[in-house]
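Enquirer: The primary structure of each chain is shown beneath.
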Amino acid sequence: MQKYSIFNLVKNAFSNHENWDLAWKDPTPKEEYDVVIIGGGGHGLATAYYLAKEHNITKVAIIEKGWIGGGNVGRNTTIIRSNYMHDENGLFSEFGMDLWRKMSQDLNYNVMFSPRGIINLAHSDAQMNAYARRGNSMRLNGIDAVLLNRDQVKEIIPMADFSENVRFPIFGGLMQPSAGTARHDAVAWGYARQADSMGVDIIQNCEVIGFDVSAGKIKGIRTSRGNIKAKKVGLCVAGSTNILAEKLNMTLPIETHLLQACVSEPVKPVLDSVVTFGAGHFYVSQSDKGEMVMGGDLDGYNSYAQRGNLPTLQHVLTEGIAMMPFLSKLKMLRTWGGIMDMSMDGSPIIDKTHIEGLYLNCGWCYGGFKATPASGWTFAHTIAQDRVHELNAGYSLNRFSTGNLIDEKGLGTKTWIS
Amino acid sequence: MLYINCPHCGMRSQNEFSYGGDASVKRPELNKEVSDQEWDDFVYNRKSLRGKHLELWQHVSGCRQWIKVERDTATHEIFRTFKADEEVA
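Residue numbers (this note's numbering), protein chains in the order written: chain A, 1 to 418; chain B, 1 to 89.
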């Protein structure tokens with residue numbers, strides 16, 4: 001594999017950049033693999049990369065129905081954070097933050113990680129108390145957290161509505177300075193390029209039709225491009241998990257829902273952090289191109305349509321305008337939707353299953369993108385060692401039966417309803 | 001915008017309704033031993049498939065009745081609506 005460097009850039013300039021290697025190959029599926037990863041999104045590509053890099057397992061195939069990076073890794077709003085209160089989520093995400101900080105060097109691919117900080121706004125004394133508690137919990141887990149008062153918030157985001165007579169006045173906020181954003185496509189492509197260079201087969205336009213299971217053990221998969229034998233199979237198909245689970249006769253604690261996002265026309269730099277509204281569900285950041293990147297609530301009903309509906313968008317943007325009135329002056333450039341695995345406690349599942357050799361990675365709700373490296377790393381460990389790592393031990397499938405839910409927001413089951 | 005034909009009020013916009021999830025889920029019967037698996041299936045586990053889906057909606061900004069809606073989860077097309085106590089064939 002050619003290294004991406006200033007030297008190689010100059011060298012290739014002499015041949016009009018016509019002699020670069022392909023970033024990844026387009027192989028035909030082999031008859032058998034040690035590990036087959038279903039789903040060529042961020043998590044699947046990262047899993048294959050860490051299988052090769054950390055566990056020296058390279059007889060690996062990634063099976064993708066469409067093209068790699070065309071699902072949620074290309075549809076999210078690129079926010080990276082670890083501002084969780086519960087130990088399971090906090091430690092897992094903070095492990096991921098370390099991987100994010102090293103990612104561009106590690107992958108030899110500029111993922112444009114930008115630790116610009118995230119601010120969760122508080123709109124009452126009670127909310128400030130709750131944020132103080134969350135911030136303290138974060139700091140106990142070694143995660144940076146700063147409680148900001150109203151004046152400190154005003155210094156960072158003066159464009160927010162600080163007038164006196166608003167419905168949800170800004171009391172302050174909780175900031176994680178090390179949180180930020182990254183270029184989502186580059187994450188998928190960077191992992192794909194490195195995995196490919198270590199021998200992983202990236203097989204696109206290949207739909208999984210069924211599974212071969214005998215005597216409680218996985219034997220392989222059936223695809224639109226033929227049968228493939230596999231010693232181990234990992235599912236990384238958040239958004240389509242229920243469809244594949246049905247083929248395995250599994251019913252999971254997941255509903256599939258639609259989440260929208262949108263960007264405005266590009267404007268000059270105005271916002272240099274990620275900001276979330278505390279009295280509803282709205283968040284905004286500004287991309288490097290100048291667009292305001294925004295999102296919020298689910299559309300609210302089970303859906304596999306990768307496109308949204310206007311009532312939810314209107315609701316979300318009403319919150320946005322309440323928080324930052326200048327947003328109402330901007331034209332909308334683009335809106336889109338992605339489909340989410342909404343788990344019943346709002347936390348993901350990375351675990352073994354009752355079928356030997358079949359592993360499950362799903363239930364990412366709103367937070368799949370930032371988890372990409374940590375998810376891939378722990379899932380690779382779970383597959384390679386056939387046991388969960390302590391970082392993903394809490395993300396077990398049976399926690400719903402045993403009562404060990406990881407209920408970050410204190411909303412109980414069906415988090416999307418409230 | 002979805003338009004839902006409330007069996008009590010007629011065709012109304014989605015804005016008047018709130019969603020209540022899979023209508024095919026049945027609470028385990030009372031007065032009998034209920035296994036953990038049955039409780040899990042009732043409380044947590046959902047098929048959530050692509051295609052026809054029978055689901056509950058409440059006409060919160062209308063008659064406030066719960067209704068059943070048969071809807072396609074991929075196209076959002078609504079085929080039929082029922083009163084909450086109507087059996088769906």
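In case anyone wonders, no lab produced these hints; they're calculated from the structure. This one's a predicted model, so the numbers in the text were calculated from it and none came from an experiment. C-beta atoms are modelled at their ideal positions from N, C-alpha and C, and glycine is treated no differently. Among the hints, erroneous ones may be present.
As the list claims (entries may be wrong) - Taking CB as the label site, the calculated pair distances span: (1) Ser61/B with Val270/A: 32 to 42 Å; (2) Val43/B with Glu356/A: 41 to 51 Å; (3) Arg101/A with Arg27/B: 24 to 34 Å; (4) Lys154/A with Val43/B: 15 to 25 Å; (5) Asn404/A with Leu30/B: 25 to 35 Å.
Stated by the list, open to error - Here chain B is said to cover these stretches of chain A; the calculated rule only asks that three of the stretch's residues, wherever they fall, bring their Cβ under 8 Å from a Cβ of chain B: (6) 7-13; (7) 129-138; (8) 213-223; (9) 226-233.
Enquirer: May I ask you to test the hint 24 to 34 Å on the CB atoms belonging to Arg101/A and Arg27/B?
Expert: At roughly 49 Å between Cβ atoms, Arg27/B and Arg101/A fall outside 24 to 34 Å, so the hint is violated.
Enquirer: How does the segment 226-233 of chain A fare against chain B when you require at least three residues with a CB closer than 8 Å, holds or violated?
Expert: Since three or more residues must qualify, the claim that chain B covers the segment 226-233 of chain A is violated, with 0 doing so at under 8 Å.
Enquirer: Holds or violated: 25 to 35 Å for the Cβ distance of Asn404/A and Leu30/B?
Expert: Because 27 Å falls inside the window, the suggested range holds.
Enquirer: Can you tell me whether the CB distance of Lys154/A to Val43/B sits inside 15 to 25 Å?
Expert: Between Lys154/A and Val43/B, where Cβ atoms are some 45 Å apart, the hint is violated.
Enquirer: Taking beta carbons only, do three or more residues of the segment 213-223 of chain A come closer than 8 Å to chain B?
Expert: violated (count 0)
Enquirer: Would you say the segment 129-138 of chain A counts as covered by chain B, given the rule of at least 3 residues with C-beta under 8 Å?
Expert: violated (count 0)
Enquirer: At a Cβ distance under 8 Å, does chain B reach at least three residues of the segment 7-13 of chain A?
Expert: violated (count 0)
Enquirer: May I ask you to test the hint 41 to 51 Å on the CB atoms belonging to Val43/B and Glu356/A?
Expert: About 27 Å separates the Cβ atoms of Val43/B and Glu356/A, which means 41 to 51 Å is violated.
Enquirer: Hint says 32 to 42 Å; check whether the CB-CB distance for Ser61/B and Val270/A agrees.
Expert: Given about 37 Å between the Cβ atoms, the range holds.
Violated hints, in rising order: 2, 3, 4, 6, 7, 8, 9; the structure is consistent with all others.
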